[in-house]
Amino acid sequence: MKFWIGVAATVALAAGLALSGTNEYFFYAGYVVLQFVVLATAWNILGGYAGYVNFGTAAFFGIGAYTAVVLFKAVGAPLGVQILAAACASGLLGFGTGLLTLRLRGIFFSIATVAVIFIMHTAIVNWRYVGGATGVQLLRPPAMPLFDSYTRMLFVVMAVLAVAGVCIARYIEVSWIGRGLRAIRDSEEAAECSGVPTLKLKLFACTVSGALMGAAGAPLPMYMSFLEPASSFDLNYSVSALAMPMIGGTSHWLGPVIGAILLGSVQQIVTVTISNEINVLVVGVLLVVFVVAAPDGVLGLLRKLKWLHRSSR
Amino acid sequence: MQGVDALYGDSHVLHGISFEVGAGRVLALLGRNGAGKTTCMSAIIGFLPPRKGAIRLFGEPIAGLAPERIARKGVGFVPQGRRIFPTLTVRENLRVSERRSASSVWNLARVFELFPQLEERAEQVAGSLSGGEQQMLAIARALMGNPRVLLMDEPSEGLAPLIVAEVGRTIARLKDEGQSILLVEQNVRLALELADEVVILNTGRVAFTGSAGEARGNEALITQHLGVF
Chain X
13 MKFWIGVAAT
23 VALAAGLALS
33 GTNEYFFYAG
43 YVVLQFVVLA
53 TAWNILGGYA
63 GYVNFGTAAF
73 FGIGAYTAVV
83 LFKAVGAPLG
93 VQILAAACAS
103 GLLGFGTGLL
113 TLRLRGIFFS
123 IATVAVIFIM
133 HTAIVNWRYV
143 GGATGVQLLR
153 PPAMPLFDSY
163 TRMLFVVMAV
173 LAVAGVCIAR
183 YIEVSWIGRG
193 LRAIRDSEEA
203 AECSGVPTLK
213 LKLFACTVSG
223 ALMGAAGAPL
233 PMYMSFLEPA
243 SSFDLNYSVS
253 ALAMPMIGGT
263 SHWLGPVIGA
273 ILLGSVQQIV
283 TVTISNEINV
293 LVVGVLLVVF
303 VVAAPDGVLG
313 LLRKLKWLHR
323 SSR
Chain Z
44 MQGVDALYGD
54 SHVLHGISFE
64 VGAGRVLALL
74 GRNGAGKTTC
84 MSAIIGFLPP
94 RKGAIRLFGE
104 PIAGLAPERI
114 ARKGVGFVPQ
124 GRRIFPTLTV
134 RENLRVSERR
144 SASSVWNLAR
154 VFELFPQLEE
164 RAEQVAGSLS
174 GGEQQMLAIA
184 RALMGNPRVL
194 LMDEPSEGLA
204 PLIVAEVGRT
214 IARLKDEGQS
224 ILLVEQNVRL
234 ALELADEVVI
244 LNTGRVAFTG
254 SAGEARGNEA
264 LITQHLGVF
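As given, the protein sequences belong to chains X and Z, one line each in that order. Sequential numbering of the first sequence, starting at 13, is according to the numbering used here. Sequential numbering of the second sequence, starting at 44, is according to the numbering used here.
Some clues are possibly wrong.
[Claimed, not checked] Derived DSSO-like pairs: lysine-lysine, alpha-carbon spacing no greater than 30 Å straight-line:
#, chain 1, residue 1, chain 2, residue 2
1, Z, Lys95, Z, Lys116
2, X, Lys85, X, Lys318
3, Z, Lys95, X, Lys212
4, X, Lys316, X, Lys14
5, Z, Lys116, X, Lys212
What the hints contain is simulated information worked out from the structure, not anything from laboratory work.
Looking at chain X on its own, in the form it has when it is part of the complex (with noise of 0.2 Å):
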């Protein structure tokens, strides 16, 4: 109930700062964490319950930025429809690596999927009617009547995913699944010797955080009014996916929006006061300090404090 609450509030707050009078930049900066929320929770999906590392956010990502590109170009297929076959199309796409891939274990899995990035990346440079290696302009239909300017409707329409997809990833934590990807995360061979489908589950979880990948993406062509596959299939996405998670904690639904807002507004930051290319390297540290002093992120540092205050009175 009280989660529920939650989303009914955040969608609330999401709509009503669109249509109050904030500073436009605070859109454009808002939309990018939202976007990170989703893909976080995607590859938490995969990554964190199941424990299969997933490289390839940025194919998933940039397949759902394409499949808009190409709608809109090819029907002027409406933006809900432009996110709906995003996510189909990187489901799919998830549903095929998984299939080719999930029989490898550990790191072996994790190398397959960054050739999946370089495969998509190559298949679309080479692609004309997209744009090819150049891009692809873009020019956006009017934004509803409701909204001042089209990037506060692509906030709120952000905002929306990001709650979707959490909420899908709660679902699945709490439900049989979870538990089952969880008993393949601690232990593949004892959960397929107590009957856990495991390959089923892991394809399910695949396609699922593939789907919302691409979902994420999917908005991106009408944000930037532009797509060009080197930004798009950046692996920057991959690296900030997992590494969002990691900071907040993989183990709870929670885990992976902590991370996202706070390292995605702190990349926001940085990008204003100091640099645009310095966002790498804050990403690298910050990772490395979490995983040397808060191994299982701020939640493992929330419960531990939690722990250690109940133990002392």
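Since chain X is already given, all that's left is putting chain Z on it; use the hints.
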């Protein structure tokens, strides 16, 4: 369980092994280190599909199926070293392997009745349990799948004598309830006490098949194949 005959591996680990666990019986699989006991287990649960031969569960061939399918058909497995899920709670560990069918006898309530300590710790993460409790959990987890035959790989390994006795009592109780069990043990005395039949392996071949009584009475046999004890 009707006859296991397997011969496989690049380095022939098992050479035409055949044995049979009768319904409601306990069969102890004994042998020195490297004799092929654990490999037999792996073959039955599907981690190492046999190159040749057949494995049947109550007449139904199961060789070559995925471990998950074999488990669902009714082969419960208590792995060596327990292999519980450390970050899951005790209750989650049990629910993961829960399988219900018309003939199922085991559920959470009955498992907790058999292992009261586990009920006390139901919401604790399994990694925080003691070795003995983890062993109980591993057995309980296998029971939750309502297995038609229960495979136990060295359930007494690494436990204090007192706990070993408790594991022994548990196995005896399961046997009384009519559970078919295939028991692999290094602890020969415990195994001979519990088992109805005994199979002794030596370098991947069956060296002896007979009743536990026969084996107990045959000092020479025990020394020859199980040595050090």
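Structure-based check of all given hints:
no., hint, result
1, Lys95(Z) - Lys116(Z), "holds, 21 Å"
2, Lys85(X) - Lys318(X), "violated, 53 Å"
3, Lys95(Z) - Lys212(X), "holds, 28 Å"
4, Lys316(X) - Lys14(X), "holds, 23 Å"
5, Lys116(Z) - Lys212(X), "holds, 17 Å"
Hint compliance for this structure: hint 2 is the single one not met.
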